[in-house]
Amino acid sequence: AGAPLTDTVPTQVVPGADPSARQLCFAWGPAEVLVCETLFSRAGGSRSPRLAGAAARTLTGSIAGTSDGAPSSSRVFVVRRDQDIYIHTLRKLFNESHGIFMGLQRSEEELAGKSRKAQLVQVSKNYRSVIRACMEDMHQAAVSTRDPALQGQYSTQVSILSAMELIWNLCEILFVEAATAGPLLLRLLDWVRLHVCDVDSMVREVLSSESPSKHKLFWNVVDVFVLQGRMDEARHLLSKEASANPASMNMYKILDDLMKKMPVPSLGNTQTLTELELKWQHWHEECQRYLQDGTFASNPHMESICKILLGDEDAILEKKELMTTWYHFLVTRLLYSHPTVKPMELRFYAQSSMDLFLGGESSPEPLDMILMAAFEFEMHQVIKECSIVLSNWWFVAHLTDLLDHCKLLQSHNLYFGSNMREFLLLEYASGLFSHHSLWQLGVDYFDHCPEYGRVYLELHIERIPLSTEQKALKVLRICEQRQMHEQVRSICKIMAMKALRNNRLGSALSWSIRAKDAAFATLISDRFLKDYCEKGCFSDLDLIDNLGPSMLLSDRLTFLGKYREFHRLYGEKRFAEAARLLLTLMTAHIAPCSFWMTLLTDALPLLEQKEVIFSAEQTYELMRCLEDLTAGNPDKQKFQDDDVETTKVEMLRLALARNLARVIVKEGTVEGS
1419 AGAPLTDTVP TQVVPGADPS ARQLCFAWGP AEVLVCETLF SRAGGSRSPR LAGAAARTLT
1479 GSIAGTSDGA PSSSRVFVVR RDQDIYIHTL RKLFNESHGI FMGLQRSEEE LAGKSRKAQL
1539 VQVSKNYRSV IRACMEDMHQ AAVSTRDPAL QGQYSTQVSI LSAMELIWNL CEILFVEAAT
1599 AGPLLLRLLD WVRLHVCDVD SMVREVLSSE SPSKHKLFWN VVDVFVLQGR MDEARHLLSK
1659 EASANPASMN MYKILDDLMK KMPVPSLGNT QTLTELELKW QHWHEECQRY LQDGTFASNP
1719 HMESICKILL GDEDAILEKK ELMTTWYHFL VTRLLYSHPT VKPMELRFYA QSSMDLFLGG
1779 ESSPEPLDMI LMAAFEFEMH QVIKECSIVL SNWWFVAHLT DLLDHCKLLQ SHNLYFGSNM
1839 REFLLLEYAS GLFSHHSLWQ LGVDYFDHCP EYGRVYLELH IERIPLSTEQ KALKVLRICE
1899 QRQMHEQVRS ICKIMAMKAL RNNRLGSALS WSIRAKDAAF ATLISDRFLK DYCEKGCFSD
1959 LDLIDNLGPS MLLSDRLTFL GKYREFHRLY GEKRFAEAAR LLLTLMTAHI APCSFWMTLL
2019 TDALPLLEQK EVIFSAEQTY ELMRCLEDLT AGNPDKQKFQ DDDVETTKVE MLRLALARNL
2079 ARVIVKEGTV EGS
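Residues 1419 to 2091, numbered by this note's numbering, are exactly what the sequence shown covers, in order.
Just so you know, these hints were derived from the structure itself, not from any lab. Don't take every hint at face value.
Each computed BS3-like pair below joins lysine-lysine, with the alpha-carbon atoms no more than 27 Å apart [said to hold, decoys possible]: (1) Lys1632 x Lys1678; (2) Lys1658 x Lys1535; (3) Lys1948 x Lys2066; (4) Lys1679 x Lys1737.
FRET-style restraints, in silico, Cβ to Cβ [stated by the list, open to error]: (5) Thr1598 x Glu1704: 25 to 35 Å; (6) Lys1825 x Arg1872: 22 to 32 Å; (7) Pro1784 x Ser1573: 12 to 22 Å; (8) Ala1536 x Asn1513: 22 to 32 Å; (9) Asp2046 x Glu1952: 16 to 26 Å; (10) Gln1710 x Lys1825: 45 to 55 Å.
Ideal Cβ positions, reconstructed from N, Cα and C, are used throughout, including at glycine.
Starting from the given sequences, assemble the full structure and let the hints guide the process.
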């Protein structure tokens, strides 16, 4: 169960544990995975694992392992910090929201005033559209799969995403758009209509029937439309009922007229709040008069609708099953009792609506507490509760960033350093870095954390497994763009060592040059020279031929590049240039001593050319080098006993003597003439 602890990973006992007893130990594994070795308690026969409090609180996700077995046995548990990062169907959420986030950072200073506010509202809607698209994909996956376990996982994710969109939409209305009295109610109505979808199937069933007015759920659908303020749709349905019951036509006309004349706020500011309140008061009194006159007494359904129009809380609560949630009840109550509610009054109506709706029968769920905090304009509490309840950092990181751009979190700094926005972005980006490909998104999030972002990026980028050269180059480019010189050197050294272990000398040399590691470049150059001595030819000629200024990184690399140049000149029959270069390599002392015999042997074909190539002075230099080699060799006796080496020395001495004689004759002839 889980991954075993290795000997190379140090384990630590949980702080405060009794060292004399068997205890829980832990160690950090690769890719942000906490590997816990859990030893079970024997007290009272209990076999439940005792996870460290801090670790259990800060790491969300699943614990992989088995819980059955003997009390004395130990178990290994793997705890992941961001399990949602590994859900494939959530990739769209992470990828597309990254683009929205980056666009928001770039546009920060472009607009001001109303234009800026409209832009921020649009950004919020873009985030919500990504959540909804992801939710629809997840729903399709749940419908199409035949695996019950997968179906359960997808359904759970749909519920979580739905709750995320519900909370985000409310925060958009209250905090980002900051809707004022009047438009506020219209926004809340749209919010309820969008998110309370439990009755949609019932509405479709009734409307698709041959005779909707005779359907058993007809009045339920009318009530739903009225409760959601969808007056035109409610009136349309009532007209069908009126056509089917001509005797009650007058009653229907009165109710239709009341619904038609109901004053509602407008988004265009065409009327003041005072005018709206006066109109609403007159309309309310008219509804009251018809109810008291018993106009609808003969039809309980219509009488109930009239009571709802009057804002009768008991009548509205009778439709509790149709509303399904306390916040639907809140918006309906405001629509028919307080249509000009001000933002700061919401907290009082929200609390009383939740109390009335739940009625002590059930306790508020975490979602209820988050929505209540939003209605109370406690945005920090909203963020805190969401951080605890939701299964990943995506939601709180992006919502907090948006609120920060709205200048709503400027005064809130955390006691341990960075502000709330940066803290949550750092947590979210850290989670992304545990994924094999999403880590690239995390880089941009770190870039926009001015205080600690670079430090986090430096620490996390060193942990990325460099499985391929392509991935290494991608990481390297990121580091180079940000002048992260230590990380650049580290990556290059790792890749150079990998290439060397696989005997890919060209790649190893290329990486060591990028790392500007002189010692490692010297080591690889020696390997190139050793291979040349064994095989008589160079590998990776393109690389060596195009070293350019890079060959100055180390003397040995310079020698390798120049020695290859000597071979090129010789191949092009530019013997004089080749001879000068060869002599320079010998006299400059950049060639390793072990390679001197090879260099002198390379001089033999030049000494034997028909045309004299080495001058007398150059020949004397070669003789001195040969004597230094034979006289200064620490293994002189062994050198002398080696027949091959002895033969080479004799051949060189003979060739040098003959060349010197030819030079003297040639130079004497030139002087004599």
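Structure-based check of each hint:
The hinted pair formed by Lys1632 and Lys1678 meets the criterion: a straight-line CA distance of about 24 Å does not exceed 27 Å. About 44 Å separates the Cα atoms of Lys1658 and Lys1535, which puts this hinted pair outside 27 Å; it is violated. For the proposed pair Lys1948 and Lys2066, the alpha carbon gap of about 19 Å is at most 27 Å, so the pair holds. With a CA separation close to 23 Å, the supplied pair Lys1679 and Lys1737 stays within the 27 Å bound.
Between Thr1598 and Glu1704 the C-beta distance comes to about 27 Å, which sits within the given range of 25 to 35 Å. Range check, Lys1825 to Arg1872: about 25 Å between beta-carbon atoms, so the 22 to 32 Å window is met. Separation of Pro1784 from Ser1573 is about 18 Å and conforms to the stated range, judged on CB atoms against 12 to 22 Å. Distance hint check for Ala1536 and Asn1513: the Cβ-Cβ separation is about 26 Å, which falls inside the suggested range of 22 to 32 Å.
Restraint check, Asp2046 to Glu1952: a C-beta distance of roughly 25 Å satisfies the suggested window 16 to 26 Å. A C-beta distance of roughly 51 Å is found between Gln1710 and Lys1825, which places it inside the suggested range of 45 to 55 Å.
Checked against the numbered hints given earlier, the structure breaks only hint 2 and satisfies all the rest.
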